[in-house]
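A.B. asks: If you read the sequence shown in this note's numbering, its first letter stands for residue 148, the second for the next number, and so on.
Watch out, some of these pointers could steer you wrong.
Here are the computed lysine-lysine pairs in the DSS-like style, where the Cα-Cα straight-line distance is at most 30 Å [stated by the list, open to error]:
1. LYS199 <-> LYS288
2. LYS536 <-> LYS765
3. LYS763 <-> LYS690
4. LYS690 <-> LYS721
5. LYS284 <-> LYS537
6. LYS585 <-> LYS367
7. LYS515 <-> LYS333
8. LYS170 <-> LYS183
9. LYS515 <-> LYS284
10. LYS288 <-> LYS272
11. LYS624 <-> LYS585
12. LYS229 <-> LYS367
13. LYS721 <-> LYS537
14. LYS537 <-> LYS449
15. LYS183 <-> LYS367
16. LYS199 <-> LYS449
17. LYS473 <-> LYS367
18. LYS606 <-> LYS522
Source of the hints: derived by calculation from the structure; they are not laboratory data.
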Amino acid sequence: MSSSGVDGFQAAFFQKFWDVFEKHIISSIQEIFASKVIPPSWNETIICLIPKILNPYEMKNFRPISPCNSLYNIISKILVNKIKPTLPNLICENQSAFIRGRRATDNVILANEVVHSYSRKKSKKFGWMMISLDLEKAYDKLNWSFISSILTNMNFSPETTSLIHACMSLVSHQILINGTLSNSFKPTRGIRQGDPLSPFIFICCMQYLSSLIDAQVRNKSWFAPKIRNTPISHLLFADDVLFFARVDPSSISAIKFAVNNFLYCSGLSINNSKSSIWFSNNTPPNMRNTASRDLNFSIVDKPGKYLGSVLGFKGKHNDFIPLLTKVQNRIDNWSNRFLSLAGKTTLINSVISPIITFHTNTAILPSKTCKIIDKNIRDFFWSSASNKKKIHTIAWNKVCLPTSLGGLGIHLYKERNLSLITKLAWQVKSNPNTLWSKTVSHYLNPHCNSYSTTGRAIKKGAYLISSNSTFSVCNGKNTNVWFDKWFNKVSLRSLICGPLQKDEHSLNVNLFANEFGHWSWDRISFELPLTIKDLISATPCFKDSPSDDMISCIFLKNGLFNLNLIYNFLMSDKLNNAAGVNPFKWIWKLNCHRRLKFFLWMCVNNGLLTKDNLIKRKIPISGTCFLCNLEAESIPHLFKDCPVGQNIWQRTNSNISFHNSDSFEIWIKYNCLNSKLATLNIPHNVLFIYTLWHIWLARNNTIFNNTMPSPVIIAKNCIASAAEFFHVASGLSVPSFDQSVILNINWNPPTVGWWKLNSDGACSGNPGPFAIGGIIRDHFGNWVKGFSGYVGHGTALKAELWAIFCGINLALEQDCNFLWIEYSLQKFSNFKVSHTFREGNQCADRLARLSLLKQEDYELVLLYFASVRPFA
C-alpha cells in the first residue's frame, strides 16, 4: 500500500468509498486539466529524510523522499500514462531506465562488453577510458525552465507542458524531523522523489545529454569504441552515467564540451569525489595523467561496479564472493528472529532469490558457488539461528520441487542460473535489433572464437535452446531433411552413421515429399531402418501450403519464453523421481493461515520431529508417546490414534471417524476439504486444521514446559482460534472435496442434415506405434464411410490428430457440407468438433485398433469401409 501524503488518506480509502467521492473527484480533475491550476492543498508535500548510510552525520547522507497526496497522484499518473507511450521513440537506447521493454541488465551487458573489448586492445598508440559520472542531488537541482524547454522541443503539447510545469512549481514542502513537521516553504527548482511523474521528466532531461554526445560522435570529435560495428559512447540509467571514449585530446575536449553544456543548461552539478576514470591496460601513463588532470576525475585501477554489478569479472568463484557475503549477511540478520517455515520461505523467494537473480542472469555460476548458495539457504530454512544446526527432516531436493509436485518452490541455483542464461540467449535471438543484442549476437555463431563472460553464458543458453527446439513442417521448404529436428525431436543425421552423398546434404523436406504429401524414399541413397521410417511416416507435409515451416521450442508457452518450463526441464531427473509422490497441492488452496499450510505440508510429508523420526536418526530416546504414554509416537498416532488426541477431537464436537482403514494422508485430506458447518457454524475443515495445530502445541508444551493442559482447555482454544480466523476471513471461499460422478455415455446423432465424424487414434505406448480409425454417420446413425490404417511411430496426441486429419479428408471426398466438429474450417460451410468419452466412440476406436494389430505398411494406406464392420 502506498504511503499517504499530508492529508493522511491513501488511495485505498478513495477506492473503498469511490461511490461517495466519484463525482466530486472527476469534476475537480477535469477542472484542473482545463485551467492548468492545481489547488495548493493538493500539492502539499512532506519530505521524509531516509538515511543512506548506517550512521548519517550530515544532510548529504540522507535521501529526501516526498510522498504526494493521493488526489495529486491522480493528476500525475494521468500525465504519466499520456507521455509514457511516446518515450521509446523519444529516448535513445543508451537510456534503459523507466522505458517499457528496457532493463538495467541491458546496460550491464553493454558495459561488460565494452570492458571486455578494452581488455583485448594491444596498440600503444591510443588508450581507451571509461568514465563513471556522479550527478549530485540530480532530482533536486533541475531547472524548471530547462524542463519546460526540453518538453517543448520533444513536441509535447503546450497544454501538457503547462500542466507539468504547474505540478513542479506549485508545490509547498514541510520536512518531517523526529515526528515533527517544519514550517512550510516553496522550492524554486527541482522535482520530487515520490512524484510518479518525476522519473519520466528526468529521463527526458537526460536525453539532452545523449543528444550532445551523439552530435560529438557524428562530428568525429568523440571517438567511441565499437562493438561489432556499433559505437557505444555512453550508457544511462536515470542518473547513473558511463562514458566510453578513446584517450586523445579530441575526445577529452568533446567530453568536456558536452558535460559543461548540459550542466549549464540543466542546473545540475558533478560530484568529482565520486566520479572516476578507468583506463584500458594499453593506455600509456602520460595519457592517463593528462586525461585525469583535464577532466578533474580520479583514476581507479578496476572498472568497479555499475548498477550493483561488478564489471570486467571473469566468472570465477572469487568474483562471486561479494554476492555470497551479501546473501549471508541477509540471512544472519534474519536467523535470530524465530521465523516460521512460511516466513523463511517468503524471505527466500522474495528477497534472496531476486538478489541472486540480478547478479547472475548474465554469467554462468561456478558449481562451487551454487553449492554454497544452496547450503546457506538450506541451513537458514531448517535452523533457528545461524550458529545452530537442526535436523533436516525432508530431503532438500523434495523441498525444491514446484508446489504442484509437493515441494515449496524454492530454487536450486545451478538449475536456476542455467534457466536464466537460457532466457538471455532467447532474448538475443528474438530481439536482434536492440542495441545490447547487436553487441552480443555474434556469440550465437558456432564459429565465434572469443567469448566474454556474458558470451559464454549466451553460448550455453543457445545450445540448450537449439537442442530442445524442433521444426514444425508446413510446406517443408525451410527444413533440412538431415540436420534439422523435424520429426520426433531429433535430427535424422544423428540417427544415421556413415557418409552422405554430396547432393543429399542440402535435401529439404519439400523435395523429400511427393505431390500427395507422402515420402519419396528413393530420394535417399540407402534404406532407412523401419523404426525411423515409422517416425517419418507419422509426420505430415503439406507441399502446397502457403505457410512456411516454424521453429518451436519446448520452453515456450503461448509463444512466450517461460522461465518455469526451462527450470522444470533442467530439474527433470528430480521431477521424474517425484512422479509417484502425492503432490498434496490441495494444501495451498486451503483457506487458513499460511503458517498452518506449512504445518500441514510437514505433516503429510512426515517432516515433524516426532519420536519415531528421532529414533530413525539414531537419537537414543524412548519411543513412547508424550501425551498418552501407551504407544509409539508417530505423526499418524499423535493426531489420529492417540487416546488423548481423540479426547480433544470429541470435545471440539468434530464428527471425525478414527476407526477406519483410510491412510493418514487420505484421512487428513478428506477432513481438510470437508467444508460442512460444524461447531458454532465454523466450517469443519477450519476447525479440523486448528485442532491439529493445538494438539501439536500441547505435545510440545508437555515436552519443553512439562505442563499438559486439560483436553477441555485445549478444545476451547481450538474452537476460539478457528472462530477468530473464520470470522476475520469470512469472505473467503472454501474448496470442496471432489465427488466422483457416474455418467451413462452413448453415441449421440448430429443435427438433421449434418454428418458426424468420429475418429480415434490407437497408440501402443506413448510414444509407440500407432494407427487410426474413423467413421462418418448421418443424423439417423447410418454408416456413410469409415477408415482404418496404420500410420507409424509417435505419440497418442499425434495419433488423435492424424485420425482427425484423415477423417476430414474423407468427408471432403464424400462432398460433405455440414460436418460435426466445433472449429471453423473454410472447406466446410459449418464445422464442429466435440469431445466424447471412449464409450461413445467405440466404433472408431475398434477400427483404429484393427490396424494397430497389423502394423504392416510403412506408407499410410487406409482401408475404407462402405458398410458396417462386423464388430461395429
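A.B. asks: Now, for every hint given, state plainly whether the structure supports it.
C.D. replies: Each hint tested on the structure:
1. LYS199 <-> LYS288: Measuring from Cα to Cα gives roughly 19 Å; hence the hint holds.
2. LYS536 <-> LYS765: Roughly 16 Å separates the two Cα atoms, so the pair holds.
3. LYS763 <-> LYS690: Roughly 65 Å between the alpha carbons, so the hint for LYS763 and LYS690 is violated.
4. LYS690 <-> LYS721: Roughly 42 Å separates the two Cα atoms, so the pair is violated.
5. LYS284 <-> LYS537: violated (48 Å)
6. LYS585 <-> LYS367: This hinted pair holds, its Cα atoms lying about 22 Å apart.
7. LYS515 <-> LYS333: Since the Cα atoms of LYS515 and LYS333 sit roughly 56 Å apart, the hinted pair is violated (cutoff 30 Å).
8. LYS170 <-> LYS183: Status holds; Cα separation ~20 Å.
9. LYS515 <-> LYS284: Distance of about 41 Å is beyond 30 Å: violated.
10. LYS288 <-> LYS272: violated (40 Å)
11. LYS624 <-> LYS585: With a Cα-Cα distance of about 28 Å, the restraint between LYS624 and LYS585 holds, given a limit of 30 Å.
12. LYS229 <-> LYS367: violated (37 Å)
13. LYS721 <-> LYS537: Cα-Cα ~24 Å, so holds.
14. LYS537 <-> LYS449: violated (42 Å)
15. LYS183 <-> LYS367: violated (44 Å)
16. LYS199 <-> LYS449: Status holds; Cα separation ~24 Å.
17. LYS473 <-> LYS367: Violated - the C-alpha atoms of LYS367 and LYS473 are around 43 Å apart, more than 30 Å.
18. LYS606 <-> LYS522: Between LYS606 and LYS522 the Cα gap is close to 28 Å, so the pair holds against 30 Å.
Of the hints listed earlier, those the structure fails to meet are numbers 3, 4, 5, 7, 9, 10, 12, 14, 15 and 17, in rising order.
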